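**Student:** One letter stands for each residue in the lines below.
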Amino acid sequence: MSEKVKEEKAYRVLESHNFLQRVMFRYMLEGHAASEEGKLAWVTSGFPVEIPVAMDVGVSYPEQYGAIVGSEKAGPKLCEYAEELGYSQELCSYARASIGSVKHPEESPLEGLPAPQALLACNNICGTVLRWYDAISQMTGAPVFLLDTPPLEGEQMPHHIAYVRHGLDNLVSFLSKQFGTTLEEDKFRKVTDLSTETIGIWTQCLEACKNKPSPLNCADRFLAMAPVVAIRGRDYTLEYYQTLLNEVNDRVANGLGAIRDEKVRLLWDNIPPWFRVFRIMGSLAKRGVVFPADTYTHAWTGSIKGEDRMDSIASMYSNVYLNKGLEAKVDKMCNLIKNYDLDGFVMFSVRSCKRYSLGQLVSKELVSERTGVPGVVIEGDMVDSRLQNDAQIETRLDALLEMLL
Amino acid sequence: MSNAQATEQSERILKQLVNEGKPILGYVYPHTPLEIIMAHGLMPALLYANPTVMGSYEASLQTFACSFIRNMFSQRVNDQLPYVNGIVFPGNTCDSLQNLADIWHLRFPQDKVFRLTYPAGNQGEAAVQYFAEELRIFSNALEDAYGSPFSDATFRQAVDLVQQFRSAVQFLYAARLLQPSSVPYHRIAAFVREFHSAPLEMVVDELRATVNDVEHGLAEAGRIDSTKALQHALLERRLEDVSLPSDLPTPRIAIVGGMTEPQAIAELVNAISKVSSTAVVFDLLSFGFKTIFMPMPAFEGDPFETMARSVLGALLEPTQEGLPRRLDFLKDALTHLAIDGLIVCEQSFCDPDEFESPSLLTVASEVGVRTVRLPVDPEFSDRVRLEGRIQSFLETLTHGGAA
Numbered sequence: 025m026s027e028k029v030k031e032e033k034a035y036r037v038l039e040s041h042n043f044l045q046r047v048m049f050r051y052m053l054e055g056h057a058a059s060e061e062g063k064l065a066w067v068t069s070g071f072p073v074e075i076p077v078a079m080d081v082g083v084s085y086p087e088q089y090g091a092i093v094g095s096e097k098a099g100p101k102l103c104e105y106a107e108e109l110g111y112s113q114e115l116c117s118y119a120r121a122s123i124g125s126v127k128h129p130e131e132s133p134l135e136g137l138p139a140p141q142a143l144l145a146c147n148n149i150c151g152t153v154l155r156w157y158d159a160i161s162q163m164t165g166a167p168v169f170l171l172d173t174p175p176l177e178g179e180q181m182p183h184h185i186a187y188v189r190h191g192l193d194n195l196v197s198f199l200s201k202q203f204g205t206t207l208e209e210d211k212f213r214k215v216t217d218l219s220t221e222t223i224g225i226w227t228q229c230l231e232a233c234k235n236k237p238s239p240l241n242c243a244d245r246f247l248a249m250a251p252v253v254a255i256r257g258r259d260y261t262l263e264y265y266q267t268l269l270n271e272v273n274d275r276v277a278n279g280l281g282a283i284r285d286e287k288v289r290l291l292w293d294n295i296p297p298w299f300r301v302f303r304i305m306g307s308l309a310k311r312g313v314v315f316p317a318d319t320y321t322h323a324w325t326g327s328i329k330g331e332d333r334m335d336s337i338a339s340m341y342s343n344v345y346l347n348k349g350l351e352a353k354v355d356k357m358c359n360l361i362k363n364y365d366l367d368g369f370v371m372f373s374v375r376s377c378k379r380y381s382l383g384q385l386v387s388k389e390l391v392s393e394r395t396g397v398p399g400v401v402i403e404g405d406m407v408d409s410r411l412q413n414d415a416q417i418e419t420r421l422d423a424l425l426e427m428l429l
Numbered sequence: 309m310s311n312a313q314a315t316e317q318s319e320r321i322l323k324q325l326v327n328e329g330k331p332i333l334g335y336v337y338p339h340t341p342l343e344i345i346m347a348h349g350l351m352p353a354l355l356y357a358n359p360t361v362m363g364s365y366e367a368s369l370q371t372f373a374c375s376f377i378r379n380m381f382s383q384r385v386n387d388q389l390p391y392v393n394g395i396v397f398p399g400n401t402c403d404s405l406q407n408l409a410d411i412w413h414l415r416f417p418q419d420k421v422f423r424l425t426y427p428a429g430n431q432g433e434a435a436v437q438y439f440a441e442e443l444r445i446f447s448n449a450l451e452d453a454y455g456s457p458f459s460d461a462t463f464r465q466a467v468d469l470v471q472q473f474r475s476a477v478q479f480l481y482a483a484r485l486l487q488p489s490s491v492p493y494h495r496i497a498a499f500v501r502e503f504h505s506a507p508l509e510m511v512v513d514e515l516r517a518t519v520n521d522v523e524h525g526l527a528e529a530g531r532i533d534s535t536k537a538l539q540h541a542l543l544e545r546r547l548e549d550v551s552l553p554s555d556l557p558t559p560r561i562a563i564v565g566g567m568t569e570p571q572a573i574a575e576l577v578n579a580i581s582k583v584s585s586t587a588v589v590f591d592l593l594s595f596g597f598k599t600i601f602m603p604m605p606a607f608e609g610d611p612f613e614t615m616a617r618s619v620l621g622a623l624l625e626p627t628q629e630g631l632p633r634r635l636d637f638l639k640d641a642l643t644h645l646a647i648d649g650l651i652v653c654e655q656s657f658c659d660p661d662e663f664e665s666p667s668l669l670t671v672a673s674e675v676g677v678r679t680v681r682l683p684v685d686p687e688f689s690d691r692v693r694l695e696g697r698i699q700s701f702l703e704t705l706t707h708g709g710a711a
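As you go down the protein sequences, you meet chains A and B in turn. If you read the first sequence in our numbering, its first letter stands for residue 25, the second for the next number, and so on. If you read the second sequence in our numbering, its first letter stands for residue 309, the second for the next number, and so on.
To be clear, the hints were calculated from the coordinates, so they are not data collected in a lab. Quantities reported herein were computed from a predicted structural model and do not represent experimental measurements. Be aware that one or more of the hints could be misleading.
Stated by the list, open to error - What the simulated footprint calls covered on chain B by chain A, stretch by stretch (three residues with Cβ under 8 Å from a Cβ of chain A suffice, anywhere in the stretch; the number is not a length):
id	stretch
1	378-392
2	397-403
3	419-426
4	555-569
5	648-657
6	662-672
Stated by the list, open to error - Far from chain B, some chain A residues (derived; all Cβ distances over 12 Å):
id	residue
7	Y35
8	V276
9	G349
10	G383
11	E403
12	D405
13	D422
Using N, Cα and C, we set each Cβ at its ideal position, and we do this for glycine too.
Let the hints inform the model, and build the full structure from the sequences given.
**Tutor:** This is the structure we're talking about:
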């Protein structure tokens, strides 16, 4: 058995989390080294990172840094620095924390992200990223490259693929000019193969949670997702996920769940409140509540394949979860509830993330109607704890659990 | 005409059109291609935020939805959009409007809901081709929904009418900058509103008459040619050679922001006592300058491609341009148009407005222009405070105090 069972905790800690920490530490060091060499780009979470990686451009990931800021409870302080510069408290707290950390790196966890030489934004996750990166560009002087992937309604049409494909060609030109590098086909194929294999193994980890008890809770996945989001296409990332999958499979084989006494299985929707997620999950775990599935970590799926990898990228990155309409999101949630045999769902309404959150009140009704399971909407924020009322969240979760326990 | 009176008048006109059997297609984004809609025999009508609407969005939208979409949604819930039998939403312009279209469609499945998706950023010719195809799809959807095909002849008439309107209002914008007493800002704002509410020949006729009056006044001052030159310079976005008269009344105020309605702002400023009618000389609002100074679509070639070029050629829209170009133009405008003060409007919970305003304030500060920031919502729920802020700001400009 590979689990370290702590009797006093309702939660089982993953041993592979040590490996995860080493991977993320290496990623951070590589970011600093790339920045010092003048070859670092900041990228958004939905950016086709395989292209800069294949072109030897280092990448750092401000949204993942936002999660660190949140979990370190530095959100209010850094967001306030952005507000002092005139950015409204109503704006995305990842963006505000990022702006605040650029303004005051000495006050920021890890002393902020390493300085970028380019800012690579893809709007497949929201329209905010462009404006956020514009603001960072004003502060750092790093140029912005926008890969435009207009939101999809239904199937992706040929003119949409052609447009995104053109954007990808422009990206290669931009990186070549900015960093004096080229895209070599062999390396590109190797990186995309690694990326696809990594996503495939990550998907197996997610799907293992269909088992009862679920081998992972959503807090485990929120941590474990960091490399698949930020450093796809690296061999050490793949190695980490293989280790994680082995541990997950061990848990399944031995009937061990992420929590010790699984009674209720729920779906989590949206980004978590990073500053409070472990407290919420720990408290629910004590009551036998586990989250075998969530919409956030399931967003990183798909594969880059075929002869023309660029076309495959144009398709995969246009079809991400947040780039589709509300109907597609409802379908996804219903499928997760059915396939993971879930008893209910929790929608976290993130005040500063409009793309993910607006529509939840309608989708809650639709998901309940279609699946017959109850759900609850709780409101707060991912980074800025000033926007969250813990007591209200607790009351609402209690109301849901009264129906289920 | 007050904002409320303008709303009543729009509704009267729309009601009459409905009675005449004309289908009304509502739209919310300033860069909606009116000409394409009109080419299907439909009447495009801009759906304004209604300052008197009762909030009725809570079952479908959270409180952090932008105040504009909350207002629009409440109007629909309260049945305050009776003349509209279809609505077109923009895609890829902001997250709130993107999601609103989905919510609307699910909440009101009986409504005809269209989405026209725009390219973002400056993507050159690829964006034109992409958007032309989106326009073609939109046109096909209109034909399917209303049974009225795209007509080349009607399209040409629409292009001509819209261009007459834009050209005339452009001239008024230029006249206001050169000789602010020649036409009140609220008059320009009223024309913009009337035409967008219902793009009819009669609005253009009335506009033409006003232009004639203004031309007469400018001719007396010998400023016709310089006004036309300024109109051209604004269209071309080349302001460095603009020459202004030395006897301009001060202070000269510009208003910048996104979806704030020009007429609502004009009414707000007019209501403040002691504000000179010549003070507001310019705006950079979405339903004002940004829409009016769009390049004319060509008559030749594929109508969807020519419309795509026109829409994507609009100045200063956050969707189509990166921030640096917009800031450069603002700096030029403040400098070369002798602006003394800048009012920066921020719609509450509006990401584009709220992200941009710190940069706008910085640019103004760099060129020594005083600023005031105006958080607004469509209901002007804190109207007294807004008026107080504007009044204090104008006093500091007049007396040279700190803004």
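**Student:** Which of the numbered hints above does this structure break?
**Tutor:** 1, 4, 9, 10, 11, 12
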